[in-house]
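4 protein chains.
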Amino acid sequence: MIIVMASRKQEDIDHVKSKVEEMGFDAHLIEGVQRTVIAAVGDGRGKERLQSLESLAHVEQVMPILKSYKLAGREMRPEGTVIPIGNTSIGGDTFSVMAGPCAVESREQIVETAKIVKAAGAQILRGGAYKPRTSPYSFQGMEEEGLKLLKEASEVADMPFVTEVMTTESLDLVADYADVLQIGARNMQNYGLLKAVGKKDVPVFLKRGMMATFNEWLMSAEYIMAEGNHNVIMCERGIRTFETETRNTLDLSAVPVLKKLTHLPVVIDPSHGTGHWDYVSPMALAAAACGADGLQIEVHPNPEVAVSDGPQSLKPKVFNQLMDNLRPILKVTGKSL
Amino acid sequence: MIIVMASRKQEDIDHVKSKVEEMGFDAHLIEGVQRTVIAAVGDGRGKERLQSLESLAHVEQVMPILKSYKLAGREMRPEGTVIPIGNTSIGGDTFSVMAGPCAVESREQIVETAKIVKAAGAQILRGGAYKPRTSPYSFQGMEEEGLKLLKEASEVADMPFVTEVMTTESLDLVADYADVLQIGARNMQNYGLLKAVGKKDVPVFLKRGMMATFNEWLMSAEYIMAEGNHNVIMCERGIRTFETETRNTLDLSAVPVLKKLTHLPVVIDPSHGTGHWDYVSPMALAAAACGADGLQIEVHPNPEVAVSDGPQSLKPKVFNQLMDNLRPILKVTGKSL
Amino acid sequence: MIIVMASRKQEDIDHVKSKVEEMGFDAHLIEGVQRTVIAAVGDGRGKERLQSLESLAHVEQVMPILKSYKLAGREMRPEGTVIPIGNTSIGGDTFSVMAGPCAVESREQIVETAKIVKAAGAQILRGGAYKPRTSPYSFQGMEEEGLKLLKEASEVADMPFVTEVMTTESLDLVADYADVLQIGARNMQNYGLLKAVGKKDVPVFLKRGMMATFNEWLMSAEYIMAEGNHNVIMCERGIRTFETETRNTLDLSAVPVLKKLTHLPVVIDPSHGTGHWDYVSPMALAAAACGADGLQIEVHPNPEVAVSDGPQSLKPKVFNQLMDNLRPILKVTGKSL
Amino acid sequence: MIIVMASRKQEDIDHVKSKVEEMGFDAHLIEGVQRTVIAAVGDGRGKERLQSLESLAHVEQVMPILKSYKLAGREMRPEGTVIPIGNTSIGGDTFSVMAGPCAVESREQIVETAKIVKAAGAQILRGGAYKPRTSPYSFQGMEEEGLKLLKEASEVADMPFVTEVMTTESLDLVADYADVLQIGARNMQNYGLLKAVGKKDVPVFLKRGMMATFNEWLMSAEYIMAEGNHNVIMCERGIRTFETETRNTLDLSAVPVLKKLTHLPVVIDPSHGTGHWDYVSPMALAAAACGADGLQIEVHPNPEVAVSDGPQSLKPKVFNQLMDNLRPILKVTGKSL
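Protein chains in written order, with my numbering: chain A, 86 to 422; chain U, 86 to 422; chain Y, 86 to 422; chain B, 86 to 422.
Check before you lean on any hint, since a few could be wrong.
Any copy will do: because identical chains look the same in the list, a pair fits if it lies in one copy or spans two.
[What the hints assert, rightly or not] With a Cα cut of at most 27 Å, we get these calculated DSS-like pairs of lysine-lysine:
hint	residue 1	residue 2
1	Lys102	Lys280
2	Lys155	Lys94
3	Lys236	Lys284
4	Lys132	Lys94
5	Lys102	Lys400
6	Lys152	Lys102
7	Lys132	Lys152
8	Lys233	Lys152
Calculated directly from the structure, the hints in this document are not laboratory data.
Based on the provided sequences and hints, a complete structural model is requested.
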C-alpha cells in the first residue's frame, strides 16, 4: 500500500507510521518535493485494513499495489487452464461453442434446437430452466421439468449442457443434471451462491456482472476457487453503458485483459452483449479473432415467438453461416472447433 | 407497445398485425410520412412477449408504453406509505436516521455506538453481522454473534435495528433478531432472496444496485411485494460511473423521481454514496432538502481502526454536528426527526 | 510517480532506475514482499513523461501522486474566490441565482422573463443566443440579434447576464455584450476556445463535460487560468450514466468535492441535470443545502411552446415558489440571495 | 412522435391534440387499456419542438420514432461510400491501416516511422502536429513545423497522411498540408469546427466522443455533410466506462451497428481504445473480423521515450507481426490491405 500524506508535519507522519506498524507492516518514508509518501511493506494478508487510514484528515489517499486475487492469477498456472466437460473441454486449443435457446419452452423446441446446433458444430448445449427475469410477472422457466428436457436433448444430441443455477436451494437439483453450472450476471456477487458452487464438483460458468470491473469479476472467481472448485470459466456478456442502440456494450477487451491477468478460460456471449440478432455474428467473429476460448450463443428455431430474448436469438440458418465463417478465422488463431 | 415498422410493404404489415393479434392484442395502424407504426392495445399481461417481434427484419423497434410495476406504483397509494418499525416509523412526516458502524466488531463497539447515535437523535441502529465483501479473504462479519450483539445494543439504547441478510439460509435467523431486513446493492436482483423476504413479516430495506435503473429497482420491490410483504423502503446508495474521486456517484435525483413513481419511502445512504467521510454531511443535508424520508449513515467511534469502510465513517463529533444541521433544514421540508 | 515493477530482476530494476534518472528525477527503491516499487521524486514538471515507462514489459503500472492543476488548486487561495459580476458577485456569502430561458426567442419573451426572475430574487439573467444543438436542422439561436435582446433585457431588469460562446470567431462579439461567458459542456475540452476566453477580461462559466472527471474539469479551468483569466466559475450540469428517467445524472457531490479541491465557486444547473421541470426544484434545494454557490435555472413564461428545452423549464409560478423555499435553507448554510 | 398521456381526461387530450395541430401535425388518437397515446404524424421538419409538450403535467412522455440524420443514413447510399485519399481509398473492399506516432517529435522520428509502417503494409501515415492535451502544461505539438515534417515523411514514404485539426483558426493551414482532417473525440460536438471542415474539400476523420451515443455521433457527421463535405470516415476509439484496467472501453459493436445505420466507412482505433500496447493487436484483429474498414494505430520506434501515449504505442516489430496476422483474417471478410 502507498499512503499519500496530506500533511507534512512530523507528528502526522509519525502518527501514520505508528498506525502502519501497529497493523504489522513496515513503514518506508519517501519525501517528495511536494508530497510525503509512506509505503507499507509486508505480506498481503490484512492489507485492506490500511485503507481505513484514509479516514485521517492528514492522509490524502491510500493506494493498493497488489491484486487481491491469488488462485485466479495468471502466475498460478501460466500455461492456462483446460476444463474437461463431458465429451469435450474448454480452454487450450479448443474453441467451444455453447448454443441453444434462452429458455427451455418444450421438449420439441429443445430437442430440435440441440440437434440443429450439434449438426452445425457446437459442442455444448445451452438452455435456461430457471430464468432470472426483471419482472416477477414474466415467465420464470420450466424449472425441474426444464432440467429433464435439457438432459434428454443433451443425450439425444450427445453433447453436454450448461444451465443457470439461481439459488442455493435448487443447486443440488441443478447440479445433478447439468454438466456446467452457470452463474448469471445478476448473481456475480451473490456470495452465498458462489461459495455453494465452489463446494460442487461441477465446472462453473461465471458471467460478468453488468457493472463489474475485471478485478471484481476475478474476485468472484476467487470466491469459488477458494472453496475448492478451480474449474471456473469466465464469460463476458456486455457491461452497462449509456449506449441504448445495443442492449449492453460487449467489452471484447475482456479477452486480452483476462488472458494477461488469469489462467482461466474466457468465453464471449454476443447475444446478451448486443441484444440484436443482426449484431451477433460480427461480434462472434471478432471474439474468435481476439483469442477467446469460445462463445455462448442463443439459437431459436422460431425467434419471433420465443418466450424470452427473441430479438437476440439466431435462426438456425444464420447460426450455420456463422459457424462456417468462424472456421477460417480460428485457423489463424490456432484454435479449432 | 408501439411497433415501428422497418418496411412499408403490405405483406410485412399484415404479418406483424396477425402476430400481434395471435398474441391476444388489438393492432392499430398509424401511417406516418416516413414510417408505419402499429400500436398493440390490450391489458398489460404478456405484453413483454411482443418484444420478440424485434427479431423480424421488417420490424425496426418495439417500444413499451407502460411501466411494468403495479403494486409499487404511485397510483396504488397516492398518499404514500408509512412503515412502522418498533417504536418509530419510516415515511410520512418522519425523517428517519439509521446510524451505526459498517460492521459489528465487538460488544463494546456496538453498544457504545448505539448510545452515541441515539443520544444524537438517530431513531434506528445499523450494523452488519453478515458482510458482503469483494474478497473472500476479507472479514466476513461476526454472523450470529453479531446479531446477538446488535440485539443487545438495540435494547440498551431502546432503538430498533436494521441489518443485512445475504442468503436465504440465514434469513430465518436474521429475521428473528432484526427489525428491518437489509438487501444489499449486490443482491438487488437476487430474485430467490427477494421472494424469500417477500414472505416474511419484517420490513425490507432495499438498496439500489450499482447499475440498476429506477425501473429495475422498482421491479425488485415488486418482487418482494408480489409475495405479500408491502413494507419496502427504497435506499439510494450511489451508482457506478466513471468518476473515481468518489466511491460511487450518489444519485439524489432518486428522491424526486421515486416520489413521483412510487408510494414507498426513499432513504439516502451518503456513506457508500461518496465513500469519504468529509463528503457525507453535505450530501446528507442535500438529501434532507430534496425530500428524502431518511438517511443511513456509518458512524464509528474510531474510524481509523475500523475493519471495514473506515474512510467513509463519521466520528461521533461529526455525526452530532450533522444532526444539529439537519434540524433547521427539515423544518423547511415539513419533516422532523 | 510510483512505478510498480512487473519484474524483480536486477537488470530490469536498474533499467527503469536509469530511465527515471535520465528524465531528471531521483529514483527511490522500495522492496515489498511481492512487488518492487520505484518512487520517482522531483518537481512536478515533465512528470507525465514517466507514464511512457508503462510501455516496458517489466513495468506493471505507473501511478501519479500529485494533482496536475496548480492555479485552480485549493492551496492557491484557501479562503475561496469571489468573482464580481456587474452589480453582484459569485462566491463567498452570496448565493447566486442565474435564471432565464434556454434560448432567446423574441424581445417580448426575454424582457418579460428577465423582469419575472428579477422580481423573484434572481441576480443574473441567463439566455442563449448561440445554441449548441445535436442536430444541424434544429434552431441554432438568434445570434447577434439575441445578444442585443439579452443586453436590452439585462438593462431593463438591471441585472447582468450570462450567455454561451461557442466559437473563437464569435468570442469578441459575445464578450462585448456578455457579463459572463458560458462554456458549454460539449466545449469543456475545446482547448482553443478555453485559451481564447483565458485571454479575455470577462468571467467564465465553465460547465462540466458529460463524461468529464473532476480532475479533467479542473484541468480545463487551469487552461483558462494559465492564460491570465482567474475568474472561473465551475458549473455541474449532470453527467451521462445509464439512467434514462432523467436526462443526465446530476452529480451533487461535485459541491463538496470541488470545495475541497479548488477555491473556485461552484454552481449547479438542475435544469439540464434532470431534464424534467418537476425534478428541478427538489434538486435546487439540495444544491443549496450541500453548500453550492448558486444555481443556473431555465425559466420560460410558456414552456410548452419553447423552441428548446421546454420539458425542463420552470413556469414563473414554480420558480417563485422555489425562490421562497430556498431562503430558509440558505439561512442554515450561512449564505443569502 | 408518440405522445403518451398521463391523464385520460377529455379536456387534457383535446389540449394536446390542439397543440400538436397548431405545430402543423396530424394527431391520431389511440385509446389503450391503461394509457391514451397520441401519434403526431407529419414530415420530420420541426418535430423536435413536440418534445416541449413534456412540460405539461398531463403528458407522461414524448417518444421520437424517426432517426434525425438524413444524409448520413444508410438509405441514402445503400451500397456504402468509398472515399479516395491520395493513392489509396477508404471503404469498399479496402482495409485501410493508418499508422504512425501519437505526436510528431522530430524529422528523424516521423520519417523513420513512415518508412517502417509503409514497409509493413500501412497505406496512410498518422501523426499529431496539434495535440489536445488534458493539461495546459503538457507538450502541445510541433504545430506548423510538425505539419511540414509530416508532409516530408509522407512524400518520402509515398503515402497520404491524416492529422488532427483542433481549431478553425488553424484549419486553412492544416488543410493545405493534410490528406485527411482528423476531428478528435473531445471536439466531436464542437459544432463551429464541424461546420468549418464541412466547407472544405478534404475528407474528415471523425472520432467518436467518449460519451457520445451512436445517434449523436451520426448527427455530428450530419453537421459536416450538411455543409457539403460528404467524405466523412467514422472512427470508434473507445467510450468511457467504469472500467479502469483499460484506458477506454473499445466498443466494437460500433462496426455492425454503424454498418446498419450509415453508408460511411468505419475505422477502429485500438490504441486509444485500450491504452496498453499489449491489448492493441488482439483488438485490431477483432476489428478486422467484425467488418471494420480499417484501423488507426499508434506506432513509435521507441515508445518508452515517447512524449505522449508511450504506453499504447506499438514497437515496429509488434506492428509488423500484427500486419502479418491481419492478412488471413481479411481474406475471410473479403477485404484486403
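A quick look at each hint next to the structure:
no., hint, in the structure
1, Lys102 x Lys280, "neither (37 Å within a copy, 44 Å between copies)"
2, Lys155 x Lys94, "between (37 Å within a copy, 21 Å between copies)"
3, Lys236 x Lys284, "within (23 Å within a copy, 32 Å between copies)"
4, Lys132 x Lys94, "both (25 Å within a copy, 25 Å between copies)"
5, Lys102 x Lys400, "between (64 Å within a copy, 21 Å between copies)"
6, Lys152 x Lys102, "both (23 Å within a copy, 23 Å between copies)"
7, Lys132 x Lys152, "both (11 Å within a copy, 25 Å between copies)"
8, Lys233 x Lys152, "neither (42 Å within a copy, 35 Å between copies)"
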